[in-house]
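Protein sequence lines correspond, in order, to chains P and Z. Just so we're on the same page, our numbering is the position in the first sequence counted from 1, plus 19. Just so we're on the same page, our numbering is the position in the second sequence counted from 1, plus 19.
Do not rely on the hints blindly, as some may be mistaken.
Identical copies look the same in the list; a pair holds intra-copy or inter-copy alike.
Unchecked claim - The calculated DSS-like cross-link candidates involving lysine-lysine, where the alpha carbons are at most 27 Å apart (straight line), are: (1) Lys161 <-> Lys432; (2) Lys22 <-> Lys70; (3) Lys79 <-> Lys22; (4) Lys386 <-> Lys179; (5) Lys110 <-> Lys435; (6) Lys432 <-> Lys179; (7) Lys179 <-> Lys192.
Just so you know, the hints here were simulated from the structure itself, not pulled from any lab data.
Protein chains: 2
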Amino acid sequence: MAKATLIAIGNEILIGRTLDTNTHWLAQNLNARGIEIAQILVIADQEEAIKNALDWGFTKSEIIISCGGLGGTIDDITRRTIADYFGTYLKTHEPTLRKIEKIYQERNRPFTEVAARISLVPEGCQVLPNEEGLAPGLLFTKENTHQCYFVLPGVPHEMKHLAQTHVFPYIEKHYDSHFFRSITLRTMGVTETYLATLLAPFEQKLLPSMQLAYNPSLSSLDIRFSISTLEEKELIQFNTLLEELKNILAPFLFGEGEATLEEVLGNLLIANASSISVAESCTGGALCAKIISVPGASRYIHGGIVAYANEQKINLLGVKPSTLQEFGAVSEQTAIEMAVGIREKMGTTIGLSTTGIAGPDGATPTKPVGTVWIGYADAYNTYAKQFIFENNRERVIQRSVANAMYIVIKQIKGQKN
Amino acid sequence: MAKATLIAIGNEILIGRTLDTNTHWLAQNLNARGIEIAQILVIADQEEAIKNALDWGFTKSEIIISCGGLGGTIDDITRRTIADYFGTYLKTHEPTLRKIEKIYQERNRPFTEVAARISLVPEGCQVLPNEEGLAPGLLFTKENTHQCYFVLPGVPHEMKHLAQTHVFPYIEKHYDSHFFRSITLRTMGVTETYLATLLAPFEQKLLPSMQLAYNPSLSSLDIRFSISTLEEKELIQFNTLLEELKNILAPFLFGEGEATLEEVLGNLLIANASSISVAESCTGGALCAKIISVPGASRYIHGGIVAYANEQKINLLGVKPSTLQEFGAVSEQTAIEMAVGIREKMGTTIGLSTTGIAGPDGATPTKPVGTVWIGYADAYNTYAKQFIFENNRERVIQRSVANAMYIVIKQIKGQKN
Numbered sequence: 020m021a022k023a024t025l026i027a028i029g030n031e032i033l034i035g036r037t038l039d040t041n042t043h044w045l046a047q048n049l050n051a052r053g054i055e056i057a058q059i060l061v062i063a064d065q066e067e068a069i070k071n072a073l074d075w076g077f078t079k080s081e082i083i084i085s086c087g088g089l090g091g092t093i094d095d096i097t098r099r100t101i102a103d104y105f106g107t108y109l110k111t112h113e114p115t116l117r118k119i120e121k122i123y124q125e126r127n128r129p130f131t132e133v134a135a136r137i138s139l140v141p142e143g144c145q146v147l148p149n150e151e152g153l154a155p156g157l158l159f160t161k162e163n164t165h166q167c168y169f170v171l172p173g174v175p176h177e178m179k180h181l182a183q184t185h186v187f188p189y190i191e192k193h194y195d196s197h198f199f200r201s202i203t204l205r206t207m208g209v210t211e212t213y214l215a216t217l218l219a220p221f222e223q224k225l226l227p228s229m230q231l232a233y234n235p236s237l238s239s240l241d242i243r244f245s246i247s248t249l250e251e252k253e254l255i256q257f258n259t260l261l262e263e264l265k266n267i268l269a270p271f272l273f274g275e276g277e278a279t280l281e282e283v284l285g286n287l288l289i290a291n292a293s294s295i296s297v298a299e300s301c302t303g304g305a306l307c308a309k310i311i312s313v314p315g316a317s318r319y320i321h322g323g324i325v326a327y328a329n330e331q332k333i334n335l336l337g338v339k340p341s342t343l344q345e346f347g348a349v350s351e352q353t354a355i356e357m358a359v360g361i362r363e364k365m366g367t368t369i370g371l372s373t374t375g376i377a378g379p380d381g382a383t384p385t386k387p388v389g390t391v392w393i394g395y396a397d398a399y400n401t402y403a404k405q406f407i408f409e410n411n412r413e414r415v416i417q418r419s420v421a422n423a424m425y426i427v428i429k430q431i432k433g434q435k436n
Numbered sequence: 020m021a022k023a024t025l026i027a028i029g030n031e032i033l034i035g036r037t038l039d040t041n042t043h044w045l046a047q048n049l050n051a052r053g054i055e056i057a058q059i060l061v062i063a064d065q066e067e068a069i070k071n072a073l074d075w076g077f078t079k080s081e082i083i084i085s086c087g088g089l090g091g092t093i094d095d096i097t098r099r100t101i102a103d104y105f106g107t108y109l110k111t112h113e114p115t116l117r118k119i120e121k122i123y124q125e126r127n128r129p130f131t132e133v134a135a136r137i138s139l140v141p142e143g144c145q146v147l148p149n150e151e152g153l154a155p156g157l158l159f160t161k162e163n164t165h166q167c168y169f170v171l172p173g174v175p176h177e178m179k180h181l182a183q184t185h186v187f188p189y190i191e192k193h194y195d196s197h198f199f200r201s202i203t204l205r206t207m208g209v210t211e212t213y214l215a216t217l218l219a220p221f222e223q224k225l226l227p228s229m230q231l232a233y234n235p236s237l238s239s240l241d242i243r244f245s246i247s248t249l250e251e252k253e254l255i256q257f258n259t260l261l262e263e264l265k266n267i268l269a270p271f272l273f274g275e276g277e278a279t280l281e282e283v284l285g286n287l288l289i290a291n292a293s294s295i296s297v298a299e300s301c302t303g304g305a306l307c308a309k310i311i312s313v314p315g316a317s318r319y320i321h322g323g324i325v326a327y328a329n330e331q332k333i334n335l336l337g338v339k340p341s342t343l344q345e346f347g348a349v350s351e352q353t354a355i356e357m358a359v360g361i362r363e364k365m366g367t368t369i370g371l372s373t374t375g376i377a378g379p380d381g382a383t384p385t386k387p388v389g390t391v392w393i394g395y396a397d398a399y400n401t402y403a404k405q406f407i408f409e410n411n412r413e414r415v416i417q418r419s420v421a422n423a424m425y426i427v428i429k430q431i432k433g434q435k436n
């Protein structure tokens, strides 16, 4: 199994300004091609750091991919260092220079020295045209050791474009894959410790070529089951074990692979020719935004109302003032009236609601921060379910969004909520 | 200036399942204390990888902090490897064991072997109590070299809790800081290349101890100006240059430091005793959610309506059917009617709206994916502004959200939109 080292170059990551998502995306996509990520290094835009990282990368892996450091601003020294590392020098890449000149001309902007610097590339490497940005990618190959080094820009969509058009095709062509399979089973409503105990006897049966990993997040607990082997017959065993694993996880399983809660929900709504609308208080629009984040969501979501103030709950959703007075805004009764209200207002099959205390303010002696009611309404059922999440505004909102979608998924599947 | 190496331990990061945000948060908080991050390493839960990373970390820095690998599941070997690295052995930490037993008892869950494994710690290290989770943190110190190693859990809120209660106080006490200052100036509506050219003469004046870095994101272009020096008099020069920098950036500047667009907006609304409501189409609730993400937002936002379907734009926002027919849903006229409609409906000082084509579907020959109109309405002004963003659903939504907030900020400040 070929190994890769990923390097993120950039002071802005080390000072905590930028969150590096590039290596995460590359790791996902290389793993899916049977390439193992040996390590990820985040380093400064400094000569010594870059050379050390390349040395270490070539010791531990066949493939190195770096992101970042290709801009034209003054703090960029990546290009020069890489040329030096491979014993070559920088020269202007004419097609890139002409392309940048043309773009600047079209936009009526003065051509600057900064822009010119972007077209400098090390002599002797392969230049990878960047159709989404200015700085091209670079490819160095070491024929004697069957090793390669891809230099990509740090802007995420440019990096992805170059990876898809150049890096992945090259790797698929030049590196043998093992038999590699990996499947992710996505669960909700269960803790990692509980699942670890439940799966302990199952784990005893795994071959050394198989791996089971737990990955909890705010919107799911994912179980990844994978195999990397040279023996085709082990794949058959893997498939048998996978079925067993799915049976054990069945009560908590909502999806497989990359399928998110919002995609699973969308597909179920389409399959049932159902539509949905949402009434939000504590989630503030995040639930509606999550459902709409799926391309084509207009087929099933009509919209939503964020009734953050009590007055709006009454005026826009038809919640009874007496309900708010007697039970409070964060209550089973209010959640139900909100769900019923939005369903009627928007004329959808399903109405879904959230009302809770996201914090830091708003707690009462009987309702701590994290108390959330999620309401559900369709033509036959109306109910609300209570949750107590941790005391953290962002997490309360995210967990509420995930659990609201999960309630609808279970309801449509005919499972108990 | 003391240096730190951050290590994220976890196969789930290397296989691209989990996005590592822990080292990003640590980097931010350590930089703010004048600690330089030498490197960030993401490694596998493997003996050799962990030992190599510790070796490299101690070569390059005084402080090492690792996150992850402290769970109790079968794939966790961090604890054993660390004990081995420091020439010691694992033994049960009685207070932790008793705490876990008590929690399991309270929750009526059977005490498992997995749970027991969490209370194993290397003999001789300092155990850092974890009040947000089960696994405690660990601290190893090397007195002869004035080096230290903190072992933290990977669950973000547990890691942050331990960092705040133990790591940062220890570092502040034991490591001398240089004179360190860092300020981030946040801009909108300008490109990195343009600013780099504009700031080139300014950059010529910087001392070697000063640094200027650019950090573009979907919601701002941040300029970070910092100094790390032993000379107090250089700080005076830094302050003079900082004023000059602010003057150059003034036309684009919306905030300083960690202030986000939504916080700046919130503070301006409070200062002006203004309220806001939003009518969303293409942003699907993300604008409302972003404004509400700020604690205390209920003081100025009343709520919003996501009118994803045209029918809802008519019924809930009072957009005229003739407007939709004549100009389309993605038009200046519709954006204005949406903003006016939500303002009246919710009785707020300001109404804000978004309507656009987020893609991948919905483009027309004259309106490509990425076309967005943002509408603004208050008692004296109503207008809409057009944007053409890139062809990417998520980025169109995020850029629309940021620009909508920026329009209100400029309007309140009396700047031209």
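Results of checking the hints against the structure:
{"no.": "1", "hint": "Lys161 <-> Lys432", "result": "neither (54 Å within a copy, 57 Å between copies)"}
{"no.": "2", "hint": "Lys22 <-> Lys70", "result": "both (19 Å within a copy, 19 Å between copies)"}
{"no.": "3", "hint": "Lys79 <-> Lys22", "result": "both (8 Å within a copy, 25 Å between copies)"}
{"no.": "4", "hint": "Lys386 <-> Lys179", "result": "between (46 Å within a copy, 25 Å between copies)"}
{"no.": "5", "hint": "Lys110 <-> Lys435", "result": "neither (67 Å within a copy, 44 Å between copies)"}
{"no.": "6", "hint": "Lys432 <-> Lys179", "result": "neither (36 Å within a copy, 38 Å between copies)"}
{"no.": "7", "hint": "Lys179 <-> Lys192", "result": "within (19 Å within a copy, 43 Å between copies)"}
Consistency note: the structure conflicts with the earlier hints numbered 1, 5 and 6.
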